[in-house]
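Dock the two chains into a complex; use the hints.
Chains as they are written, first to last, in the working numbering: chain A, 1 to 264; chain B, 265 to 581.
Any given hint could turn out to be false.
List time: in silico EDC-like cross-link candidates among lysine to aspartate or glutamate, alpha-carbon distance up to 16 Å [said to hold, decoys possible]:
| # | chain 1 | residue 1 | chain 2 | residue 2 |
| --- | --- | --- | --- | --- |
| 1 | B | K547 | A | D247 |
| 2 | A | K84 | A | E56 |
| 3 | B | K331 | A | E169 |
| 4 | B | K291 | B | E386 |
| 5 | B | K281 | A | D165 |
Since the hints were derived computationally from the structure, they do not count as laboratory data. Since the model is a prediction, treat every value here as computed from it, not as a measurement.
The primary structure of each chain is shown beneath.
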Amino acid sequence: MNIVVCVKYVPDATADQKFESDNTVDRVAVPGLLSELDEYAVEQALQLKEKSEDPESVSVTALSVGPEAAADAIRKALQMGADKGVHVVDDAIAGSDALATSKVLAEAIKKIGGVDVVVCGMASTDGGMSVVPAMLAERLDLPQLTFASVLGARGGDFRIQRDGDVATERIAASAPLVLSVTDQTGEARYPSFKLIMAAKKKPLDTWSLGDLGVDASEVGLSAAWTVVENTEARPPRTAGEIVTDEDGSGAKALADFLASKKFI
Amino acid sequence: MSEILVLVDHVDGAVKKPTFELLTIAKRLGEPSAVFIGVADASAAAVESVKKFGAEKVYVVDDAEIKGYLVAPKAEALQQIAAQANPDAILITSTAEGKEIAGRLAVKLDSGLITDAVDVQEGPVTTQSVFAGSYTVQAKVTKGTPIITVKPNAAAPEESAGAGAVENVAVTLSESAKKAQIVKSEPRAASGRPELTEAAIVVSGGRGTGGNFEPVENLADALGAAVGASRAAVDSGWKPHAFQIGQTGKVVSPQLYIAAGISGAIQHRAGMQTSKTIIAVNKDEEAPIFELVDFGVVGDLHSVLPAVTAEINQRKG
Ligand SMILES: Cc1cc2nc3c(=O)[nH]c(=O)nc-3n(C[C@H](O)[C@H](O)[C@H](O)COP(=O)(O)OP(=O)(O)OC[C@H]3O[C@@H](n4cnc5c(N)ncnc54)[C@H](O)[C@@H]3O)c2cc1C
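This is chain B alone, in the form it adopts within the complex (with noise of 0.2 Å):
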């Protein structure tokens, strides 16, 4: 069987959850085959953690020399690793640097590329969300080795051990490689809720909290859901832009969206339309957002939310 590579997310070898949801896609195409790239000392961790998904395989590069630079390392490293394992398939999470990974990783092979899938049957053969998820579309590589970025929770990451060898690969980097050098990095503090793209339930806020995010947050961890917020309330200072929602911000598509203070324009709506429950809490009956909602609360957020915060805790008893 020939082997699907799947570039490990991580954080210092701590694997994110979409990888292991990429493993299991990869069960269905063929044999997988991790790519960590990462510290040396922390290889060890990733590799017993993508094993337990099923990595046959995992190509170790250290990174020591990659990571002081922006993506063209990492798409100079898949494509020497690509041209050993002559594999059937790249999956690679849909985040930006993902993406992008795979943009220039379809240059160099002259392969065909498909983003943000949220499916991947055998073929392979991919389901798309496009025009704001009014339209779900399938897809297929038809030139070289698919590459194919696929967004968080496009499947229930299933456990199967898999043999987990590791195979040690040292990559030449180009000068070119070297050229957009990464002077400062600050990491996000951790918030300890669930990471916004991968939540099952979020819960955002916009102008209409005022900049008070307690409610929306009180409400996010009593349900053990992400935090989001729209543009608004972004731009006014509230929240980094890390927890944007929309065409500009992260694209979610949870079980359950609250959208609390939020009016629902087009851009808002593009990050959030494909969620599978939606509630809206907003003071405005008339406010766009209404049109979208399973349920919606014509009231105002800063007492509507404390008080549902209040019924959730105490039937959690």
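Only chain A is shown next, with the shape it has when bound in the complex (with noise of 0.2 Å):
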């Protein structure tokens, strides 16, 4: 079995976040990591590999499409027990949107070639659209499999708990097939040394557009579906009152508050 995790470099959430002069994200100011949400994903994948019946005939590929520096993504996946890495990386990627990012990686999935299971985070923590899952389903014509909070699988068979909005729903697919999985699936690992070390010597291979057949005017800020025309940074919220609690005082003083803005 052939799986795939698609894992994204996104800008440290705990920093401050800003947009550059042409209204793309500023992704160098702010220091990278492996989307946290991804890390569910290659928790997901490495245990669908440890609980296959024959785990040493399972592949673990963890792709990225991202800058030079997301290859930190991949070797911390590489870290986590992934067993190999690609990256594509291409300057005319900058500024893609989920259209061009699911094709970029549609692609990259298709070289890769005999791939059974895509297994996704259900969000990226910075653009947060939670669409690429099911771009990817769509472009590669497999069912999709999406915002598991629990991950069955027995052979190729796979069978997921998905949380509604209205309902909890049961969803059962065969491979191939894309997988997205929340943060309810359970706690992602940390890399031990020894994996740490192991993963120096996994192959990590770089693809350009060229290598994946794709334009390099397909995708980019130029061939976006989309154009930011301005952004603006929220005023920030001014200085609340505070008060302490003594013997109900922070009661009344709170109900006060509430009946000043009209709320009862």
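As structure tokens, then:
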């Protein structure tokens, strides 16, 4: 079985994020890392391998589309236990939106070849659109089992629990397929020292758009299907009033505040 | 005037409020056409309600074949209706499912997609709130038919009678759309409270509740509010995941958000930071949530919340 886990390199969410003058996200000023939500995807990919009947025959490939530094995200996945990495890097990719990114990912998955399972995180911690897994399924013409909070597999048959807005659903499909998993699937492992050392010897291929047969004009900021016309920093919240409760004074003050704002 | 397609979000024909908001937005952009995908029996009720909010046309798709599968068939249905209607834009509610339908549709139609709009004006020009609410962004689709997913509360629904002409559409599904099969569905029990993403007021509890959500729920009921929870409260099994506010839960933007016994971790803030007014009750005066608040009480939620609830109920008389 061949598993590909899609990992994104994102700006550290704890740092202040800002826009550049061309209205794209400034991805240089802020240090980056493997999107925390993709760690759950790596974890589930590794568990699929470990729980399969013949783990040795299962390969887990970490795939990332992103700038030079995105190799760090792939390396983290290798340290967690993925077998190899593929990094698609090309200057023309900068500024790509979800449609273009999903296109490059889909072409890379086709080039990797013979892929049975594609695993994604539920969203990226920066863009957060949550649409790339569905787009990938559409582009690869594969079934999607997305937003899995629980994942089960028997051979090539998969079943997930999806906690939807109005119902909790069980959904089933057979490989080949696209999965996305939520943070409810269980904590991601920490790389052990042994794995960190071993990761240094694992293969990490670097591909350009040319290697994938994707024309540079199909991706990137100039080819984007959407354009940002304006970005504006919201004024910071002004400091509020804080009171300390003493014998019910807090409740009274709070009720007064609610009344002053016409909530009661 | 060109049609604007609005995918109707409903449960058994009972149309949800965000759909009326979408119809109101659609009127700004062109002629609203609703797309109802559901049981044929329930369509009459749905048609009546979308008509009231300006739907000139209602495309009705019987979901007998569709409902057993995840996402893909709905995208195919919309693709086929779009081919027929040639709309100027397609509006879908920003739920997990809505965004996935939109994503697949964008690939099918080779059209630009904007998600999580908090406003849409003529153009269509969308407004989004990004980076945990620290920026607002205006954007436009430049290719194909604009597909826009819109968050609840993006507009005040305005009643305005539409013709509501019904057009039954027979959709043909591909084999690949029928591969992710919904084998079981357990509807969530109704709480009797407003829906989290639609509510004007949300009262949330965290680890500080110690598992006792009664003070949170009583305050919510006194204010007519929805109840939310932090991930710590969800992970402890005190509330189902559907209550979770934050990066990996729901993102809410109500008029008033009250956080009780919640520290204010960055992932929680991502789900509530754009709320208009924020109140926190926390016994730790150093809790980061106090950096966000308009009003904060340093105190024990188990005494402050019941006292506020009593005060509110008394003032309401
Ligand atoms: C990938 C990832 C995704 C995440 N997604 C989310 C998410 O979507 N939503 C989310 O909420 N979290 C999320 N988290 C978790 C987040 O980091 C925090 O751990 C979580 O929000 C903490 O919840 P809490 O504030 O209830 O608990 P704590 O941080 O433990 O805070 C409890 C607070 O209660 C106060 N308190 C205790 N007793 C009382 C009392 N009697 N009266 C008043 N105050 C009291 C304490 O002073 C403290 O401030 C995520 C984390 C990760 C890694």
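Right, here's what the structure says about each hint:
At most 16 Å may separate the alpha-carbon atoms for a hinted pair to count; B/K547 and A/D247 meet this at roughly 14 Å. Straight-line distance between C-alpha atoms of A/K84 and A/E56 comes to about 14 Å, which keeps the hinted pair within the 16 Å bound. The hinted pair formed by B/K331 and A/E169 meets the criterion: a straight-line CA distance of about 12 Å does not exceed 16 Å. For the suggested pair B/K291 and B/E386, the alpha carbons sit about 10 Å apart, so the restraint of at most 16 Å is met.
This hinted pair checks out: B/K281 and A/D165 have alpha carbons roughly 14 Å apart, not beyond 16 Å.
The structure agrees with every numbered hint stated previously.
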